[in-house]
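Peer 1: Residue numbers (the working numbering), protein chains in the order written: chain A, 77 to 332; chain B, 290 to 561; chain C, 679 to 1041.
Possibly wrong hints are sitting among the right ones.
Derived pair list, reagent style EDC-like, types lysine to aspartate or glutamate, alpha-carbon separation capped at 20 Å [stated by the list, open to error]:
hint : chain 1 : residue 1 : chain 2 : residue 2
1    : A       : LYS308    : A       : GLU101
2    : A       : LYS135    : A       : ASP83
3    : B       : LYS358    : A       : GLU164
4    : B       : LYS358    : C       : GLU1008
5    : A       : LYS308    : A       : GLU169
6    : A       : LYS250    : A       : GLU169
7    : B       : LYS358    : A       : GLU101
8    : A       : LYS135    : A       : GLU101
9    : A       : LYS250    : A       : ASP96
10   : B       : LYS358    : C       : GLU882
11   : B       : LYS358    : A       : ASP96
12   : A       : LYS250    : A       : GLU101
13   : A       : LYS308    : A       : ASP83
14   : A       : LYS326    : A       : GLU316
15   : A       : LYS135    : A       : ASP96
Computed spacing ranges between beta-carbons, pair by pair [what the hints assert, rightly or not]:
hint : chain 1 : residue 1 : chain 2 : residue 2 : range
16   : C       : HIS827    : A       : ASN167    : 43 to 51 Å
17   : B       : ARG456    : A       : VAL194    : 51 to 59 Å
18   : C       : ARG864    : B       : LEU424    : 54 to 62 Å
Think of the hints as simulated: they come from the structure by calculation, not from any bench. Computed from a predicted model, the values in this text were never measured in an experiment. Where a beta carbon is used, it is the ideal one built from N, C-alpha and C, also for glycine.
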Amino acid sequence: MSFFSVDGLMMRFGGLTALDNVSFEVDRGMIFSIIGPNGSGKSTAFNCISGIYQPTAGKVSFEGEGISGRAPHHIARLGIARTFQNIELFNTETTIDNLMLGRHQHMRSGIWSGVTMVGRATKAAREEIRNRERVQWIIELLDLVHVRDRPVGELPYGTQKRVELARALAMEPKLLMVDEPSAGMNADERAEVAERMRELRAELDVTILLIEHHVQLAIGLADHVLALNFGKPIAQGTPEEIRQHPEVIKAYLGDG
Amino acid sequence: MALALVITYKTTEVPNFAQGDMAMVSAFIAYTFLTDFETGFIFAFGAALVFAFFLGVGFEGLLLRRMRKPTHLNLIIMTLGFALALFGFAGWKWGADQRQFPFPVSANEVIRFGGVSISTLSLATILIAGILMLLVFAFFRFTKLGVAMQATQQDPIAARINGVPARAVVGLTFGISSVIGTVAALLTAPLITLDPTLMWDALLKGFAAAVLGGLNTPVGAVLGGYLLGVIENLFGAYISVEFKSVVAFLIIVIVLWFRPSGLFGRHHERKV
Amino acid sequence: MTEPTRDHYQDIRLFTTKGSWIKLALLLVVLISLPLILPGYRIFTFNYMAVFVIVGLGMNVLVGDTGQVSLGHAGFLAIGAYTMVLLMTRLAVPFPVALVMAGFVSALFGFLLGLPALRLAGPYLAIATLGFGLAVTQIIAHSALFGGHMGLVVPDTTLGPFQLSGDVSKYYVIVGITFLLALGVRNLSATRVGRAFRAIRDSEIAAATMGVDVSYYKTLSFAVSAALTGIAGGLLALMTGFISPGVFTFTLSLMFLAMVVFGGLGSITGAVLGSIVMGYLNLEMDAFQEFPILGPALEGFSERFMSTVGLPNFGWVVTGALIVFTILIEPRGLYGLWIRALDIMKPSKSLDAELSQPRSGAD
């Protein structure tokens, strides 16, 4: 039973085929990267996996369970978290509240316990405190301490990306899907991102599925790579194999 | 009414909840011309339509354009606010009494077709609605301006690059739809008496019809209007008169449940 | 690098500083002693405003927090009012129970309305809720069970050993309940459910990806909002002694929307403030000419340009104008103005100091 696998994934929007027969497998503890030029279907694949799109065909399995076609919140509950390329933060909320949303599925208080939260000892209050303590280390890890109580809408882009990542981590996922973590960054920042991914994998024992437009970064970081172009898989293998693969080179150079 | 709403929505994605009351005020203007100044019908109606046009353009230019965060929710609230202010204004200026609205075509004369009788007014209304629908349809399809308006809705930036004066187009849109809305008001006023609540029912039904037909197709809107009218009256005739309006509500809900874009409309997905 | 241990409870507790306790105490003192100070007819005004506050809280949950729109909340008000009155008159249900039931029945309808709302967005939802509000009043008006156009009389109510007659006794009940509900809503807002609501407003997709069952929470939001409004309806019945369909108009629904917009969407304080203002406005609309200074000026103006008999409609003009100006100038409404005022008074820490870190410029 593989940890995570995608089999024959197809996604069509009207006349446009965004994904054409994409298949790959990810083992536990791996860093797996999907690369490809803009518009090659990487984010579409993520959206299919996380349940935002219903794939036209194909199967996605996680820990032996089929998850294709399920609603996003179900998939989240199974232990899959993701970030968004264009940052989908809760802009009016503070950093800590964004992270606490990540804790949503691990918490239980509903209407009644919420309304009657009078005093430290109540169930809702204890839950809040407990979970806030739990995410504190993420805040420290990603250097967000100084913006903990600021509304994220006001934060600079780079910080927002860290909050987005922190929020996904707050879910304590088994599989972390990161969509273009290095977008808009310079070389130094990219190196940091790569280092951070490695750290996360090591300390949290989380499997990482990465979309990365920047080929060098992906190749330097990942254990295994899948290259897409126009929705079709054009190469799959170790970073070395991919780097020298003629199709990959053509796809990137050809697109400018 | 549905037509007016759809024109605005299709081009600017603004559901203009103020349309009803804008038309109502214009109708009052016509009334004032007719009674206080005792001008002829054509002049009074013409004046009302001109007023309506500028009211529409003004609303858009002065208020809507200045909005900082034109989210759907905000737009709805904004137009509602304007509607409320207009409603209050009308009530304040003209009082809430109901008045008889003089009209060239009578609501009481009746023509008979086979076993069915239609009042001349209703006939005129149906005809005018049909004509307007065709005109608008042709306008959007065939004239440069109409195509420009559609382009502005689908992709404002691309439209602007291609030389479409987006702002003017938007203003114009509101002007035109305001005029059409006023036509509706002028046709409605003789049926029921003229007072500030004149267009409430029409606004709701107009939206219902527009939604039924699809909020972004003018043809759909008018067809939706006909359809809604027929269904409502059949319901009223055969089942119960009192709950006629409830039907409008139920119909919308049911249709939207199955076809969120209305019967003829098309939906645009947002990319993530 | 050690940080002082953080007391996480600080985040959610209501009274963060000693100052807050004092403010609360003061507020309570004022509220309790109000009926003793003011003349009798003023109490009615406060009762009315309190009812509006409860609706405002409800509207805030739905529109402010979750980001949905409702143009039909007068319908829930009606459902709550009629449920309570019918239970009390037909089934001799005691007042407290009837009131709670009003909330539940209303919540049920809220839930039902929330279901189609899942599929509808923006203007479609607005229309649907508008239709709902109208449908409710129509059904009530046309059926004998609900007293039709004539309405129903609210029977004498007792709460335990107390006879609730006269505005003062009603005041304590109404304002007391309002206070409790405000606390409850505030608590809800600070916990998981409230966060989920706001997440839905800010980004449905992200919320779903975080494990929030969006459909469930959207309908829940409607139910909670309806429940609050239903209770307000029951209390409205209590204080006016008589209910009829003519009260629950579309313009009332608009007013409800206006007050949370004006107060500041998403802010409980804002909703409360906005409701108080609009509630007062709604009540006093027939008596504009009696305002000091402004009244006679308005009258004079009316005589020259408008009709005097239509002066009450000025209230609608004001309401509409307030909405328009709120959206244009200060989208966060009264609450936003309040924040701005605070900002001016307090010097704020420099942003740079907070953000500068010894990093390579990743920020």
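Peer 1: Output the numbers, in ascending order, of every earlier hint that fails for this structure.
Peer 2: 5, 6, 7, 9 and 11
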